[in-house]
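**Student:** Letter by letter, the chains look like this.
Number of protein chains: 2
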Amino acid sequence: MTDLVIRDVRPFGGDAVDVLVHDDLIAGIAAGLNAPPGAAIEHGHNALLLPGLVEGHTHLDKTLWGGSWYRNEIGPTRNDRIENERAFRRDGSHDAATRSLALARAYIAHGTTRMRTHADIDTEIGLRHVHATMRTRETLAGAIEMQIVAFPQSGLACRPGTEDLMDAALREGADAVGGIDPCAVDRDPVRQVDALFRLAERHGKPIDIHLHEPGEMGAFSLDLILERTAALSMRGMVTISHGFCLGSIADAERDALLARMALWDVRIATTAPASSPVPPFRVCRAAGVTVYGGNDGVRDTWTPYAKPDMLDRAMHIGLRNALRRDDELDWALECVTSAAAVGCGFERYGLAVGCRADLVLLEAETVAEAIVSAPRRRLVVSAGKVTARDGVLLL
Amino acid sequence: MTDLVIRDVRPFGGDAVDVLVHDDLIAGIAAGLNAPPGAAIEHGHNALLLPGLVEGHTHLDKTLWGGSWYRNEIGPTRNDRIENERAFRRDGSHDAATRSLALARAYIAHGTTRMRTHADIDTEIGLRHVHATMRTRETLAGAIEMQIVAFPQSGLACRPGTEDLMDAALREGADAVGGIDPCAVDRDPVRQVDALFRLAERHGKPIDIHLHEPGEMGAFSLDLILERTAALSMRGMVTISHGFCLGSIADAERDALLARMALWDVRIATTAPASSPVPPFRVCRAAGVTVYGGNDGVRDTWTPYAKPDMLDRAMHIGLRNALRRDDELDWALECVTSAAAVGCGFERYGLAVGCRADLVLLEAETVAEAIVSAPRRRLVVSAGKVTARDGVLLL
Numbered sequence: 010m011t012d013l014v015i016r017d018v019r020p021f022g023g024d025a026v027d028v029l030v031h032d033d034l035i036a037g038i039a040a041g042l043n044a045p046p047g048a049a050i051e052h053g054h055n056a057l058l059l060p061g062l063v064e065g066h067t068h069l070d071k072t073l074w075g076g077s078w079y080r081n082e083i084g085p086t087r088n089d090r091i092e093n094e095r096a097f098r099r100d101g102s103h104d105a106a107t108r109s110l111a112l113a114r115a116y117i118a119h120g121t122t123r124m125r126t127h128a129d130i131d132t133e134i135g136l137r138h139v140h141a142t143m144r145t146r147e148t149l150a151g152a153i154e155m156q157i158v159a160f161p162q163s164g165l166a167c168r169p170g171t172e173d174l175m176d177a178a179l180r181e182g183a184d185a186v187g188g189i190d191p192c193a194v195d196r197d198p199v200r201q202v203d204a205l206f207r208l209a210e211r212h213g214k215p216i217d218i219h220l221h222e223p224g225e226m227g228a229f230s231l232d233l234i235l236e237r238t239a240a241l242s243m244r245g246m247v248t249i250s251h252g253f254c255l256g257s258i259a260d261a262e263r264d265a266l267l268a269r270m271a272l273w274d275v276r277i278a279t280t281a282p283a284s285s286p287v288p289p290f291r292v293c294r295a296a297g298v299t300v301y302g303g304n305d306g307v308r309d310t311w312t313p314y315a316k317p318d319m320l321d322r323a324m325h326i327g328l329r330n331a332l333r334r335d336d337e338l339d340w341a342l343e344c345v346t347s348a349a350a351v352g353c354g355f356e357r358y359g360l361a362v363g364c365r366a367d368l369v370l371l372e373a374e375t376v377a378e379a380i381v382s383a384p385r386r387r388l389v390v391s392a393g394k395v396t397a398r399d400g401v402l403l404l
Numbered sequence: 010m011t012d013l014v015i016r017d018v019r020p021f022g023g024d025a026v027d028v029l030v031h032d033d034l035i036a037g038i039a040a041g042l043n044a045p046p047g048a049a050i051e052h053g054h055n056a057l058l059l060p061g062l063v064e065g066h067t068h069l070d071k072t073l074w075g076g077s078w079y080r081n082e083i084g085p086t087r088n089d090r091i092e093n094e095r096a097f098r099r100d101g102s103h104d105a106a107t108r109s110l111a112l113a114r115a116y117i118a119h120g121t122t123r124m125r126t127h128a129d130i131d132t133e134i135g136l137r138h139v140h141a142t143m144r145t146r147e148t149l150a151g152a153i154e155m156q157i158v159a160f161p162q163s164g165l166a167c168r169p170g171t172e173d174l175m176d177a178a179l180r181e182g183a184d185a186v187g188g189i190d191p192c193a194v195d196r197d198p199v200r201q202v203d204a205l206f207r208l209a210e211r212h213g214k215p216i217d218i219h220l221h222e223p224g225e226m227g228a229f230s231l232d233l234i235l236e237r238t239a240a241l242s243m244r245g246m247v248t249i250s251h252g253f254c255l256g257s258i259a260d261a262e263r264d265a266l267l268a269r270m271a272l273w274d275v276r277i278a279t280t281a282p283a284s285s286p287v288p289p290f291r292v293c294r295a296a297g298v299t300v301y302g303g304n305d306g307v308r309d310t311w312t313p314y315a316k317p318d319m320l321d322r323a324m325h326i327g328l329r330n331a332l333r334r335d336d337e338l339d340w341a342l343e344c345v346t347s348a349a350a351v352g353c354g355f356e357r358y359g360l361a362v363g364c365r366a367d368l369v370l371l372e373a374e375t376v377a378e379a380i381v382s383a384p385r386r387r388l389v390v391s392a393g394k395v396t397a398r399d400g401v402l403l404l
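As given, the protein sequences belong to chains A and B, one line each in that order. Under this note's numbering, the residues of the first sequence are numbered 10 to 404, in order. Under this note's numbering, the residues of the second sequence are numbered 10 to 404, in order.
By construction, these hints were calculated from the structure, which means they are not laboratory data. Hints should not be assumed to be uniformly reliable.
When chains are identical, the list treats them as one kind, so a pair holds in a single copy or across two.
Claimed, not checked - Subject to a maximum C-alpha distance of 20 angstroms in a straight line, what follows is the list of computed DMTMM-like cross-link-like pairs (lysine to aspartate or glutamate):
1. Lys-394 with Glu-92
2. Lys-316 with Glu-374
3. Lys-394 with Glu-225
4. Lys-316 with Glu-372
5. Lys-214 with Asp-274
As the structure is a computational prediction, the values presented were derived from the model and not from experiment.
Okay, chain A solo, but in the shape it has when bound (with noise of 0.2 angstroms):
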């Protein structure tokens, strides 16, 4: 029974008050909380607290965080970059698990404290980037709670043997059955998102599908998804992540689809690329679809961008919606904490008594501050246990 006191911090940038963490959950806050004797004591120094961000869309196991620059050559389409990646796997030198425990760690230091990451899975590599990824989370355990989307990047109906490969994830211990683009991809959408929904079935799991497809070509997809979403009734159990045609369809159908949406909870994941159509964000908020943020890929053959930093995510989120307000930014932080912890389907989460003691003290007056600025983390804590200290990770 280990009990820790942080005095003299800020949640969400209001009062200052101490927090008692008792095990792994929070269990006090107020102001002028009496330490229980033989208590850890830690101090804030009037710093901003927050709940430990959450990642809810990436791809630890394709990250090159930690080696060597990689030297992006590759073709304009999806397509280009789905098969070099096929190509660049082939040599060998690609280590998943040494790779993602490296990324996973980084996320740790910048306050991460619960995430959803997709593994590829295909003919060629088997479940080799699950079982890498799984081996991440064992090591983190009870530092970065981690879910696994079993995810057939390089499509499920037009690659036989696909589906049974995501099958034996989703019994080994994956925890949401991933999707890719039914038409653009796989070219036989009712196929795919049948056997998305079978596999979803069986196992009991939610479903989390990529959807970059443009337009009315996503539109019809997304009209598939939720066709099935209905009858099965599957409220609350399926994520679009990107969801680009909602930014791109006319207004009158996009607004029908996110009726829809609402009713049966489908929510969106979105990384908010500058280049892109995206769902927009203040119209998926008013018509009730939870929309919640991700890095997507961080540092591989993909795209050299993006930071292992929520905050950095919440910024981006916030510039490609244009949302300047310090309202309009606690928005932006909800992306990444609770609307993600929502979307991911994570327990006990916020700052509350009774919520898992995952913990961000910040360097920033304010929550749009720390979503503008990098601002430095004082101290992680995790299940109630500190896990970072100035950004240097003690694990």
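Let chain A serve as the given structure and place chain B on it in line with the hints.
**Tutor:** Chain B alone, transformed into the frame defined by chain A:
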């Protein structure tokens, strides 16, 4: 007469060399240079070497940098922001000299050695912001070369007296004639652009006009500007800042405007905002139009965003235009180095013998890594003198 030798640095990530600085100029770049007797020696430890970064468009006079957090509760339109700023100033607490100095110092610490900054002029504040910016320029003379644009933020034709104030600012040492949205803000486009060209001719100074106007309205203003640029043979003397219209008109109309811009060497300064249409970088570049980068406002009443770091701006330019390949990220770097020096008319710029010794040493393997990773600036040299070390200003 002072000499400085910087050992073991990699220009643009190439092979390691030494750099000899004599007074304020680069006097040699080669491996194994002999240091003149009495020369100061700096060890680069294989750092990436770039020329001093160039800020092509900012507003030092508006920033709140270094103060307590400004809570933004402003309405959604550009005119809301203009009116809010005017009201904010009326209480008299904004000290443009102190704030602009704080922000300019932060720019230098991040390796910026040349800058173009717009200073507000209107009939309420007169030349107060111009004078405040000039004080900062004097204070930092030798550490950063600063151009000041006489900028009629609240309109020119619509506020009688503004043209006289701009005339006075140019007589007192402002370097360029600013303008803003001749239709949308001034509501009398010919009167504004005629005034701008009249001031430019009288003082022999370039024009740099904010053109936020979207679509056909912006294209009309741009047409008026190009017409006068040609009539007065002002080749290489005009910059269009923002130029959002070039991202939202028909391709054929856009290409016709770009061809005229290339013919008269009319440049584009872009912040590459994620939430607006922007001049398409690849298309502009292919058309032979110089595109360079600027942060626009950094943490002011308009926006909480932006950092006094031109590599961060290069990253946003890359993200907005989907520049992922290493060779494409070289273009993003050009936007905040050589293209910005050309665009603003800064002389003796670059990493070559005879150029002014403005140098940045960074902890990065490649140019691309420098752009995406916000690396530590080991050393900044401004006109031959060390001005910052490990991010700490020595002024």
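**Student:** How would you classify Lys-316 and Glu-372 at a CA-CA limit of 20 angstroms: within, between, both, or neither?
**Tutor:** both (19 angstroms within a copy, 16 angstroms between copies)
**Student:** Can you tell me if Lys-214 and Asp-274 fall within 20 angstroms by alpha carbon in one copy, between copies, both or neither?
**Tutor:** within (15 angstroms within a copy, 59 angstroms between copies)
**Student:** One pair to classify: Lys-394 and Glu-225, alpha carbons no more than 20 angstroms apart. Within, between, both, or neither?
**Tutor:** Classified as neither; 48 angstroms inside a copy, 58 angstroms across copies.
**Student:** Is it within a copy, between copies, both, or neither that the alpha carbon of Lys-394 lies no farther than 20 angstroms from that of Glu-92?
**Tutor:** The answer is neither: 42 angstroms in one copy and 49 angstroms across copies each exceed 20 angstroms.
**Student:** At most 20 angstroms between CA atoms: does that hold for Lys-316 and Glu-374 within a copy, between copies, both, or neither?
**Tutor:** The answer is between: 17 angstroms across copies meets 20 angstroms, while 22 angstroms in one copy does not.
When held up to the earlier numbered hints, the structure conflicts with 1, 3 and fits the remainder.
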